[in-house]
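Since the structure of chain A is already known, use the hints to place chain B on it.
Each protein sequence line maps, in turn, to chains A and B.
At position 119 of the first sequence the residue is numbered 103 (the numbering used here), and the sequence of numbers has no breaks.
At position 342 of the second sequence the residue is numbered 364 (the numbering used here), and the sequence of numbers has no breaks.
Hints were generated in silico from the structure; no laboratory data involved.
Every residue gets a Cβ at the ideal spot worked out from N, C-alpha and C, and that includes glycine.
A few of these clues could be false.
As the list claims (entries may be wrong) - Here are the computed distance ranges between Cβ atoms for each label pair:
no.: 1; chain 1: B; residue 1: Phe324; chain 2: A; residue 2: Ser120; range: 28 to 38 Å
no.: 2; chain 1: B; residue 1: Arg40; chain 2: A; residue 2: Asn158; range: 25 to 35 Å
no.: 3; chain 1: B; residue 1: Arg40; chain 2: A; residue 2: Gly28; range: 33 to 43 Å
no.: 4; chain 1: B; residue 1: Asn37; chain 2: A; residue 2: Asn158; range: 19 to 29 Å
no.: 5; chain 1: B; residue 1: Asn317; chain 2: A; residue 2: Thr60; range: 50 to 60 Å
no.: 6; chain 1: B; residue 1: Asn294; chain 2: A; residue 2: Glu104; range: 57 to 67 Å
no.: 7; chain 1: B; residue 1: Met43; chain 2: A; residue 2: Val5; range: 41 to 51 Å
no.: 8; chain 1: A; residue 1: Lys(-14); chain 2: B; residue 2: Val360; range: 50 to 60 Å
no.: 9; chain 1: B; residue 1: Gly399; chain 2: A; residue 2: Asn158; range: 55 to 65 Å
no.: 10; chain 1: B; residue 1: Phe309; chain 2: A; residue 2: Ser120; range: 33 to 43 Å
no.: 11; chain 1: B; residue 1: Phe324; chain 2: A; residue 2: His2; range: 25 to 35 Å
no.: 12; chain 1: A; residue 1: Ser120; chain 2: B; residue 2: Asn317; range: 41 to 51 Å
no.: 13; chain 1: A; residue 1: Thr161; chain 2: B; residue 2: Phe309; range: 52 to 62 Å
Claimed, not checked - Derived pair list, reagent style DMTMM-like, types lysine to aspartate or glutamate, alpha-carbon separation capped at 25 Å:
no.: 14; chain 1: A; residue 1: Lys146; chain 2: B; residue 2: Glu329
no.: 15; chain 1: A; residue 1: Lys70; chain 2: B; residue 2: Glu430
no.: 16; chain 1: A; residue 1: Lys71; chain 2: B; residue 2: Asp207
no.: 17; chain 1: A; residue 1: Lys71; chain 2: B; residue 2: Asp260
no.: 18; chain 1: B; residue 1: Lys25; chain 2: A; residue 2: Glu114
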Amino acid sequence: MKDLVTAETVSRSFPLDHNDVRALDDVSLHVEAGEFLAIAGPSGSGKTTLLNLIGCIDTPTSGRILIDGEDTTRLTTAQTTALRRKKIGFVFQTFNLIPVFTASENVEFPLLVQGVAAGERRRRAKAALESVGLASRAAQRPDLLSGGERQRVAVARAIVHKPALVLADEPTANLDTHNATQLIELMRELNRNLGLTFIFSTHDQRLLEHTPRIVRLCDGRVVSDTHASTPVRFEIPLEGDRHGQVSAARVS
Amino acid sequence: MGKFLLLAFRNIFRNRRRTAMTLMMVGGGVAGLLLAGGYFAFMTNGLRESTIRNGLGHIQIFTAEHFQRDEVRVLDTGIENWRQVAATVSSAQHVRGVAPRIEFYGMVSNGQKSSVFMGNAVEPDVERNLGFSQNFISGGDLDAKPGSEVEALVGAGLAKSMNVKVGDGLTLLAVTSDGALNGIDVDVAGIVQTGIADLDARYLRIPLSAAQRLLQSDRVTNLVVGLDATANTDRVYDELLPRLNRGSGSVKQQMTMKKWIDLATYYKQVRNLFDGIFLFMGAIVFFMVLMSSINTLLMSMFERTREIGTMLAMGTPHFWIIGLFMTEAAVLGLLGAVLGVAAGNIFGVMLNALNLRLPPPPGYTVGILFHIRHVPGIMIGSSILVIVSLVLAAILPSIRASRLQITEALAHV
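Chain A extracted, bound-state conformation:
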């Protein structure tokens, strides 16, 4: 299958007290379209740095990142912005929803930036919220939602514009086990049903049990890249889904 993300001997250094600290050191990685991949490792191992580079919100000190065959290190700022807008969805550890927007308006935002008409925006935002089981909470502002609900709104926002790649940086770090498992299940279902490529970082061992491919980092280097031999099972049904099935197929 075609590579969606290719990292070729990528390094990233940060200046610290007149010295350079290497957060990533010659990392190479190939991610095919439709993969569900976890980047694991302890704090400071370079997970977030690698996600930032793949998400084109940071640039490598050396090496290059290709998204859908396009060398992102050669793009202008405007081209990089456009690439992120069209091809990448982000889920953040702290949800990062716009507090003055309702859940529905937050989900609409990527479409607003893309210049999608209002009616179409509303229709797709509704479908995205339904797909994460939050249609009934569409009119609520983030401060009235629970942590789990907020993160599901963030997932809906990340997928509403049908990106090729969804990046999630420690998406379960602020969630309890139940909500964390639900979120991973949701992401996995969206991955299966919509063919979205998910790359997320985590250091939660429990979540890694549900992940078919795990890239482990330590001190900025890839120490292992493993594929699960057995199919992943989901045992906890999503809230708001009576049949225990994630309705990802409703995203159109």
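Leaving out everything else, chain B in the frame of chain A:
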């Protein structure tokens, strides 16, 4: 666009206390400008109309010679066939009437004491019809009935120095157009106040016919034209100027016309002074809003650093971020302006209801009514001023926001 505006609008009310403070500052600035501008407008408008009504008229007609040389003899640059000129002028649209005038100088005596006067001769009925009013302290207006005694109005200062009251007699002495000395007796019909102390000490008014007899001339110094509205001055001026200099009939003299604004030197000085003060006040409000808003908007940007980072990560163009901050500033300015206009007008109505009167300024003898005019031009101008000021204040924060490093912004606590 609607969602974008909605986002800007909601962002404004995130920190309600800070927004309230900003709105109070912006609104206070606008209200202050409205009150000051409204008062200045009342003053200049009142001064303009009183200047016109006190006898200046809307247009004055002179011979062209009047401004080219000094008079060798009394009235030798005056208008000769003034009745025909007046008839031509009266036929024009918007002209309410034409008042002939003679300006002259002489000596006034009560038999014991003499003083210099600045004489002003008019046709009382025409002046009254045009609404040219006098401020009487005692007595009444001139009566120019044929056969009656010649009457005079005397300035308050002159009356005091000559120790005369209504009904007393005075003798006027002046040089005739032939260079001889002539005199007439007049009865004081009224004592008037012009509002300017120096003029009150020399002011004297008599009927036109009496002045022509005293000066031995049929000429008049000028014709004062009264219009139905001050706004028609330019239109009538443009219409009359070619008509008067066509040289028709017995009018052989070249005529020149002056608009009230050309003759109202004092009015212009006062208006320039008020304009200068208002401009200064506007500049203070502008910089006050600018400086405090920069701080407010920078704080707002700082508080929303992570959110801006999120928006940028999602592919929001940089100019959107700039536009968002600019729009927020403009909406804030607009709200402040609306509040300021409302507050300024309410305060204006309240102050007007109090009927306050200010003490007379130096050189004046009467107090000035304190009144606020509601001028749409000032409301619009002040609103634009604060909106522009806020938008300018948003430039720095918005550019800083749009240039945030996404990774650093996302890590912002």
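Do the hints match the structure? See the list:
Between Phe324(B) and Ser120(A) the C-beta distance comes to about 36 Å, which sits within the given range of 28 to 38 Å. Taking 25 to 35 Å as the suggested C-beta distance range, the pair Arg40(B) and Asn158(A) conforms, at roughly 28 Å. Taking 33 to 43 Å as the suggested C-beta distance range, the pair Arg40(B) and Gly28(A) conforms, at roughly 38 Å. Asn37(B) and Asn158(A) have their C-beta atoms about 24 Å apart, which keeps the hinted 19 to 29 Å range intact.
Checked against the given bound of 50 to 60 Å, the beta carbons of Asn317(B) and Thr60(A), roughly 34 Å apart, lie outside it. Restraint check, Asn294(B) to Glu104(A): a C-beta distance of roughly 60 Å satisfies the suggested window 57 to 67 Å. Remark: the range hint 41 to 51 Å for Met43(B) to Val5(A) is upheld by a beta-carbon distance near 43 Å. A beta carbon spacing of about 57 Å between Lys(-14)(A) and Val360(B) agrees with the range 50 to 60 Å that was offered as a hint.
Checked against the hint of 55 to 65 Å, the C-beta distance between Gly399(B) and Asn158(A) comes to roughly 56 Å, which is consistent with it. For the hinted restraint 33 to 43 Å between Phe309(B) and Ser120(A), the CB-CB distance of approximately 51 Å leaves it violated. A C-beta distance of roughly 28 Å is found between Phe324(B) and His2(A), which places it inside the suggested range of 25 to 35 Å. At about 42 Å, the CB distance of Ser120(A) to Asn317(B) agrees with the hint of 41 to 51 Å.
The beta-carbon spacing between Thr161(A) and Phe309(B), approximately 57 Å, falls within the hinted interval of 52 to 62 Å. Of the supplied pair hints, the one linking Lys146(A) and Glu329(B) holds, its CA atoms being roughly 22 Å apart against a limit of 25 Å. Under the criterion of a C-alpha separation no larger than 25 Å, the hint pairing Lys70(A) with Glu430(B) is consistent with the structure, at around 22 Å. Distance restraint check for Lys71(A) and Asp207(B): the Cα-Cα separation of roughly 104 Å exceeds the 25 Å cut-off, and the hinted pair is therefore not satisfied.
Between Lys71(A) and Asp260(B), the direct Cα distance comes to roughly 70 Å. Violation of the 25 Å bound is thereby established for this hinted pair. Pair hint Lys25(B) plus Glu114(A) holds up; C-alpha atoms about 22 Å apart against a cutoff of 25 Å.
Comparing the model with each numbered hint stated earlier shows that hints 5, 10, 16, 17 do not hold.
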